[in-house]
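*Asks:* Construct all of the structure, not just a fragment, from the sequences and the given hints.
Protein chains: 2
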Amino acid sequence: MSDIAPVLDQLDRSIDQSLERLFHLLKIKSISTDPAFAGDCRKAAEWLVEDLKTIGFEASVRDTAGHPMVVAHHDGEGPHVLFYGHYDVQPVDPLNLWENDPFDPSVKEIEPGRKAIIGRGSSDDKGQLMTFVEACRAYKAVHGKLPCRITILFEGEEESGSPSLRPFLEENRAELSADYALVCDTAMWDPETPAVCVGLRGLVGEEITIKAADRDLHSGFFGGAAANPITVLARILGDLHDENGRITVPGFYEGVEETPADILKSWEGLGETTENFLGPIGLSKLFGEKDRSALELVWARPTAEVNGITGGYTGEGFKTVIPAEASAKVSFRLVHRQDPDKIRTAFRKFVEERLPSDCRVEFHPHGGSPAFQLDYDMPLVTKAQGALSDEWPKPAVAIAMGGSIPIAGEFRRMLDMETLLVGFGLQDDRIHSPNEKYDLNSFHRGQRSWVRILDALSGQ
Amino acid sequence: MSDIAPVLDQLDRSIDQSLERLFHLLKIKSISTDPAFAGDCRKAAEWLVEDLKTIGFEASVRDTAGHPMVVAHHDGEGPHVLFYGHYDVQPVDPLNLWENDPFDPSVKEIEPGRKAIIGRGSSDDKGQLMTFVEACRAYKAVHGKLPCRITILFEGEEESGSPSLRPFLEENRAELSADYALVCDTAMWDPETPAVCVGLRGLVGEEITIKAADRDLHSGFFGGAAANPITVLARILGDLHDENGRITVPGFYEGVEETPADILKSWEGLGETTENFLGPIGLSKLFGEKDRSALELVWARPTAEVNGITGGYTGEGFKTVIPAEASAKVSFRLVHRQDPDKIRTAFRKFVEERLPSDCRVEFHPHGGSPAFQLDYDMPLVTKAQGALSDEWPKPAVAIAMGGSIPIAGEFRRMLDMETLLVGFGLQDDRIHSPNEKYDLNSFHRGQRSWVRILDALSGQ
Numbered sequence: 001m002s003d004i005a006p007v008l009d010q011l012d013r014s015i016d017q018s019l020e021r022l023f024h025l026l027k028i029k030s031i032s033t034d035p036a037f038a039g040d041c042r043k044a045a046e047w048l049v050e051d052l053k054t055i056g057f058e059a060s061v062r063d064t065a066g067h068p069m070v071v072a073h074h075d076g077e078g079p080h081v082l083f084y085g086h087y088d089v090q091p092v093d094p095l096n097l098w099e100n101d102p103f104d105p106s107v108k109e110i111e112p113g114r115k116a117i118i119g120r121g122s123s124d125d126k127g128q129l130m131t132f133v134e135a136c137r138a139y140k141a142v143h144g145k146l147p148c149r150i151t152i153l154f155e156g157e158e159e160s161g162s163p164s165l166r167p168f169l170e171e172n173r174a175e176l177s178a179d180y181a182l183v184c185d186t187a188m189w190d191p192e193t194p195a196v197c198v199g200l201r202g203l204v205g206e207e208i209t210i211k212a213a214d215r216d217l218h219s220g221f222f223g224g225a226a227a228n229p230i231t232v233l234a235r236i237l238g239d240l241h242d243e244n245g246r247i248t249v250p251g252f253y254e255g256v257e258e259t260p261a262d263i264l265k266s267w268e269g270l271g272e273t274t275e276n277f278l279g280p281i282g283l284s285k286l287f288g289e290k291d292r293s294a295l296e297l298v299w300a301r302p303t304a305e306v307n308g309i310t311g312g313y314t315g316e317g318f319k320t321v322i323p324a325e326a327s328a329k330v331s332f333r334l335v336h337r338q339d340p341d342k343i344r345t346a347f348r349k350f351v352e353e354r355l356p357s358d359c360r361v362e363f364h365p366h367g368g369s370p371a372f373q374l375d376y377d378m379p380l381v382t383k384a385q386g387a388l389s390d391e392w393p394k395p396a397v398a399i400a401m402g403g404s405i406p407i408a409g410e411f412r413r414m415l416d417m418e419t420l421l422v423g424f425g426l427q428d429d430r431i432h433s434p435n436e437k438y439d440l441n442s443f444h445r446g447q448r449s450w451v452r453i454l455d456a457l458s459g460q
Numbered sequence: 001m002s003d004i005a006p007v008l009d010q011l012d013r014s015i016d017q018s019l020e021r022l023f024h025l026l027k028i029k030s031i032s033t034d035p036a037f038a039g040d041c042r043k044a045a046e047w048l049v050e051d052l053k054t055i056g057f058e059a060s061v062r063d064t065a066g067h068p069m070v071v072a073h074h075d076g077e078g079p080h081v082l083f084y085g086h087y088d089v090q091p092v093d094p095l096n097l098w099e100n101d102p103f104d105p106s107v108k109e110i111e112p113g114r115k116a117i118i119g120r121g122s123s124d125d126k127g128q129l130m131t132f133v134e135a136c137r138a139y140k141a142v143h144g145k146l147p148c149r150i151t152i153l154f155e156g157e158e159e160s161g162s163p164s165l166r167p168f169l170e171e172n173r174a175e176l177s178a179d180y181a182l183v184c185d186t187a188m189w190d191p192e193t194p195a196v197c198v199g200l201r202g203l204v205g206e207e208i209t210i211k212a213a214d215r216d217l218h219s220g221f222f223g224g225a226a227a228n229p230i231t232v233l234a235r236i237l238g239d240l241h242d243e244n245g246r247i248t249v250p251g252f253y254e255g256v257e258e259t260p261a262d263i264l265k266s267w268e269g270l271g272e273t274t275e276n277f278l279g280p281i282g283l284s285k286l287f288g289e290k291d292r293s294a295l296e297l298v299w300a301r302p303t304a305e306v307n308g309i310t311g312g313y314t315g316e317g318f319k320t321v322i323p324a325e326a327s328a329k330v331s332f333r334l335v336h337r338q339d340p341d342k343i344r345t346a347f348r349k350f351v352e353e354r355l356p357s358d359c360r361v362e363f364h365p366h367g368g369s370p371a372f373q374l375d376y377d378m379p380l381v382t383k384a385q386g387a388l389s390d391e392w393p394k395p396a397v398a399i400a401m402g403g404s405i406p407i408a409g410e411f412r413r414m415l416d417m418e419t420l421l422v423g424f425g426l427q428d429d430r431i432h433s434p435n436e437k438y439d440l441n442s443f444h445r446g447q448r449s450w451v452r453i454l455d456a457l458s459g460q
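Respectively, the protein sequence lines represent chains A and B.
FYI, this note's numbering numbers position 198 of the first sequence as 198, with every residue one higher than the one before it.
FYI, this note's numbering numbers position 276 of the second sequence as 276, with every residue one higher than the one before it.
If you're looking for bench data, these hints aren't it; they were derived computationally from the structure.
The list treats identical chains as one, so a pair stands whether inside a single copy or across any two.
List of simulated lysine-lysine pairs, DSS-like, C-alpha gap at most 27 Å:
| no. | residue 1 | residue 2 |
| --- | --- | --- |
| 1 | Lys265 | Lys383 |
| 2 | Lys211 | Lys342 |
| 3 | Lys349 | Lys285 |
| 4 | Lys53 | Lys145 |
| 5 | Lys319 | Lys349 |
| 6 | Lys211 | Lys290 |
| 7 | Lys53 | Lys140 |
| 8 | Lys285 | Lys319 |
| 9 | Lys342 | Lys319 |
| 10 | Lys290 | Lys349 |
| 11 | Lys27 | Lys108 |
| 12 | Lys211 | Lys285 |
Since the model is a prediction, treat every value here as computed from it, not as a measurement.
*Replies:* Quick look at the structure:
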């Protein structure tokens, strides 16, 4: 470990210069979904390469079938880390809702004592990725070296589904493999509480279609005698949970672990009551497994949800039809070590066992991915938590997320390394929306946080 | 009772003349749904009035807000009967599927020894109503009088929802009230077995919408914690039947009677096996209440069917949404003395009791009508059965129908009289379709049947 105090001082002194560099990047209209901005995407990649070179990275723009990647390397002692971010941004429509030109960034006081950088990409993800770049720059300036061996990967297609990412990881497996990955694309728990995201739920999507008669029937002629596929489907879906909200598919909970008591306690400490969680969407009662908090339910418990259902006559008025078929889209959120393939198979069996002998079922898979889960006590996590706790007013919390960030799964699957997800976004950053912002505090303390984290990891 | 043998002889002798009269009526393009044929509808009414006058009826065209009614009266001793039929017909599209001009009727041998009248309206309902008119004509010719006091009501809007019928019955209640009504708009059981329809199921339609959160939710952020209205709806609908196929709504079976053993036995004798009933629609197992035959299920048992369901994302692919609402269209077929209002109320309570405290439900009624049911042993039924059994190769059977013929309910409700539904249509008549036909045998023996029925009723 080196002395980090002068590095933090250097960051404090150079905040204006770091802002200036960020503004350069923010002004480039690198909207990845719109082909009209392909040139701007390349410009953003080229700007990053030039900037990384000034720090001493060996950096290059790397072509793909889509927008280019930026890959950069810097020698160092200690562990080898891969830092990931993305330089592409979301479209800016509706433009009329922006208070300023989305590509003419500025710093504004958004409430007394709180300043923010306004502009498209300020939070997602240009501002976030630059916190890491600035941390490296300051460290190098002070110590003439970096605390770890660092590889950087910046993607330009994150906002359009990352079509080139897998092939690129595949082709450059050796170059990009490191001891672990660092990703800066997530949020803090609140403006005073930093967070390490250690869990992301996986997903299994499955469409089921129940078929009965070979045509639509008149319910007067056949009602009461012929199988009704909507009724069959309703019975199956109504059977998916028991009276305690647990999912009844046999074997479903295989691989699900109970969350450690101290972690549950730290989540309780976050003050996210049921009322806080459900109130804003007009609800008041938790619906899933009994006797678990809202945060545990969405962060650490698996689900079975019906996302869509259709069958028979659904237009205006009424039609006394018994339809030939009815279908539903069902998804399962997975946690811990649940196996997507096993769960798909178990669900299909569950459906088939409930099918009247006269009916048939067709299954159509819609993707499956396992959950991402780090051990709460692994050194990567605890060191990062310690480093973050040193920087921010409140101790860092290990959280999870109900949704998915595919990159973490890809790094594990393709490059066999774990990913540390740390970010400094806030809930009110309006990412993907007009007037996106990034707190100046996030930008500045984010830089300082990375210095502390790299320093902590270098001591591994 | 008079001597009917010479009347039957008269019908046998005059079959060519009666066919000629029917052809006149069939040539009139009285399509009630198309305003372009309004003049033809009136022409059909006028032709009927003139024809009834030749028999001695006091007949007139009676204007309504839509197409006119025909009302005719003839004195007679014995009971007063109201005969109902409709002179309007279905459109003829697709015209290219007709082998002949739909309004240029002809008699053809459709299989060895089987002749049929081909043309739009031949079975539904011009051919059927003329069986009654010809019976009256022959009776009058032979005996100089009719066996009963007869009122005739011909409607011109049956194929377009009968919008003027209720107001007309209301305004002419005294004139149209009789001891009972006779309707000739139904079918025989098979070409050798005549039928009296004594039961028609009623209907209650209800749309329910379950609402949970005040917006669509991302299942990653809220899945497992927020109420899913599709799941709530599925549980309710899946709960509508018990494991024996009985409907679980409290009080639902109030007013439902067990069908008499001898009636069930006569239905068994019809040879309608489960295989015959379900095979043509690709099914093999009865789905409703256990241990009842297909005919009993659709003729004499009530149902709860989901006719439509929708919620969440139903397009191509997948969307991990928890929708704000989900809805279903549910209908109940009623039998015997079930009360539509009570059943609607009981169902709503059933839904509300299963609603999580967080969810709301909205109900939207879609009509309700009680079942029509005659006592199987009432003289009107048994006399008609006896008369029909004398005419046809096999004894007449008292059947029911799963669907509805609103006129029978209207006569009971508005004119306080029961309705005898007897018709000579056959399953292969292709009513509402191209190449509609009516067996010559139906037309001829239908006439003879009405002579026998009127004679039997006159002895009441």
